[in-house]
Amino acid sequence: LKRRDLEKALERDIQEHIDFETQDNLARGMPIEEARRAAIRKFGNIARIKEETRSVWGWGWLDQLDQDFRYGLRMLRGNPMFAATAILSLALGIGANTAIFSIFNGLFIGSLPYPEPQRLVYLHESAPLWKMSDYAITPADFAAWSAGNQTFQGMALFQENSASLSGIGETIHIKGVTCSHELGATLGITPIRGRDLLPGEDWRTRAKVLLRLRPVAE
Amino acid sequence: MSTERDDERLELFQGTLDMLILRTLLLGQAHGHAIAKAIEQNSEDVLQIEQGSLYPALHRLIKRGWINAQDGTSENNRRAKFYGITAKGRRQLAVESSRWDRMARAIGLIMRPRNQEGNS
Numbered sequence: 001l002k003r004r005d006l007e008k009a010l011e012r013d014i015q016e017h018i019d020f021e022t023q024d025n026l027a028r029g030m031p032i033e034e035a036r037r038a039a040i041r042k043f044g045n046i047a048r049i050k051e052e053t054r055s056v057w058g059w060g061w062l063d064q065l066d067q068d069f070r071y072g073l074r075m076l077r078g079n080p081m082f083a084a085t086a087i088l089s090l091a092l093g094i095g096a097n098t099a100i101f102s103i104f105n106g107l108f109i110g111s112l113p114y115p116e117p118q119r120l121v122y123l124h125e126s127a128p129l130w131k132m133s134d135y136a137i138t139p140a141d142f143a144a145w146s147a148g149n150q151t152f153q154g155m156a157l158f159q160e161n162s163a164s165l166s167g168i169g170e171t172i173h174i175k176g177v178t179c180s181h182e183l184g185a186t187l188g189i190t191p192i193r194g195r196d197l198l199p200g201e202d203w204r205t206r207a208k209v210l211l212r213l214r215p216v217a218e
Numbered sequence: 001m002s003t004e005r006d007d008e009r010l011e012l013f014q015g016t017l018d019m020l021i022l023r024t025l026l027l028g029q030a031h032g033h034a035i036a037k038a039i040e041q042n043s044e045d046v047l048q049i050e051q052g053s054l055y056p057a058l059h060r061l062i063k064r065g066w067i068n069a070q071d072g073t074s075e076n077n078r079r080a081k082f083y084g085i086t087a088k089g090r091r092q093l094a095v096e097s098s099r100w101d102r103m104a105r106a107i108g109l110i111m112r113p114r115n116q117e118g119n120s
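Top line first, the protein sequences correspond to chains A and B.
Counted from 1, the first sequence has number 198 at position 198 by this note's numbering; the numbering is strictly sequential.
Counted from 1, the second sequence has number 6 at position 6 by this note's numbering; the numbering is strictly sequential.
Bear in mind the hints are in silico, worked out from the structure with no lab data behind them.
Since the model is a prediction, treat every value here as computed from it, not as a measurement.
Even glycine gets a Cβ: it sits at the ideal position worked out from N, Cα and C.
Hints may be right or wrong, so weigh each one.
[To be verified] Partner residues aside, some chain B positions facing chain A, computed with beta carbon under 7 Å:
(1) G32
(2) Q51
(3) G52
(4) Y55
(5) H59
(6) G72
(7) E75
(8) N77
(9) K81
(10) R112
[Claimed, not checked] Under the rule of at most 25 Å between Cα atoms (straight-line distance), these lysine-lysine pairs were calculated in the BS3-like manner:
(11) A:K175 <-> A:K208
(12) B:K63 <-> A:K50
(13) B:K81 <-> A:K8
(14) B:K81 <-> B:K63
Same shape as in the complex, but just chain B:
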């Protein structure tokens, strides 16, 4: 637990978590804890998710038919619920990630205008 680095961690936007879960599950089925760990590690520990907040999100995604859940055993032989992305979920991920790209670009354009003098 790196308490000294807490200031550098970022809270997630509302709705962004859904997209990150879908993206993580694109790599294969995973249980809740593995998803949380993957998001944190793949963001170089910058994205701080309150791990519990994963569960309302997972249930929301199941309800929308974007992911499904089945029981299985984890790598260290423990019983766990595994979540996997559905075809509908893949389509949704495409929509979300293109929206995200446009938004990131738009924010980038405002924050770092190319032809402005004296910017860093």
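Bound conformation, chain A alone:
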């Protein structure tokens, strides 16, 4: 608001100045038209002088930014092909970044794709002496932990694994986990088809039951 007042005052000052000079020119006997033109010529470049005065006020950078912004918009509007190219490359750039980030986020940062992931805890042992931070838990330890568990709703043992699957077609390499039968219940997931592991169907009985994991829809 103060800025607009200053702007108006400056405009008025300039007008008054030019009027004064015009009066002087008239007094020297110039015709009115010429008197006014000469006064403006003598005053100089009005736009530039306003610009310099504004920069004294100290909002120069903001003005500049505003002007640059308007200029940019005008240029884009005036040249649709260029605008389209610029917007398309920005869109592609941002899109690619977003895509890569969502993959990264899903893999490393984001929460686990299970119901109530905030209640899931990964328990492990470490062996600092051997510089092993994640040491496999023995089934005996797991049995003891489970028996003494008063903290968690459920516990399950699993170990990452991989195997070759051969049959009628090509033999394929699959990644998976060897787990105790509680895993599904602990993670809060149930099979879409077929059935979950039953008590007794784990390493304790050497039962071999395969569950195929499919990407879990969130």
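Chain A is already provided as a structure; the job is to place chain B on it using the hints.
Positioned in the frame of chain A, the structure of chain B alone reads:
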């Protein structure tokens, strides 16, 4: 408008205008156009100022507190903004004019050495 005399007019140094404005206002309040006219006439029309350049300078001086501005009416009963020098401005003028004296003397010493043969 004396176009034939334009060659004899001089452009002002940067910063000199501030000093001339302060000196002019020492004689009393004046509006923008009167200041421009005073500078031109008192320099026997040698100093050519682009009259508009007065305004950034005036606003700069106001910001530094060397002059102030108030609305008033001119000699021919027109509304105009009048500029006046402040106490701070007077002190600044003293500083500037002594600096100017030293500089003018120094340049004079170089351009017109007293004990050099054959100078004009």
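Status of each hint after checking the structure:
no.: 1; hint: G32; result: holds, 5 Å
no.: 2; hint: Q51; result: holds, 5 Å
no.: 3; hint: G52; result: holds, 4 Å
no.: 4; hint: Y55; result: holds, 5 Å
no.: 5; hint: H59; result: holds, 4 Å
no.: 6; hint: G72; result: violated, 11 Å
no.: 7; hint: E75; result: violated, 10 Å
no.: 8; hint: N77; result: violated, 12 Å
no.: 9; hint: K81; result: holds, 6 Å
no.: 10; hint: R112; result: violated, 34 Å
no.: 11; hint: A:K175 <-> A:K208; result: holds, 15 Å
no.: 12; hint: B:K63 <-> A:K50; result: holds, 16 Å
no.: 13; hint: B:K81 <-> A:K8; result: holds, 13 Å
no.: 14; hint: B:K81 <-> B:K63; result: holds, 16 Å
Against the hints set out earlier in the document, violations occur for numbers 6, 7, 8 and 10.
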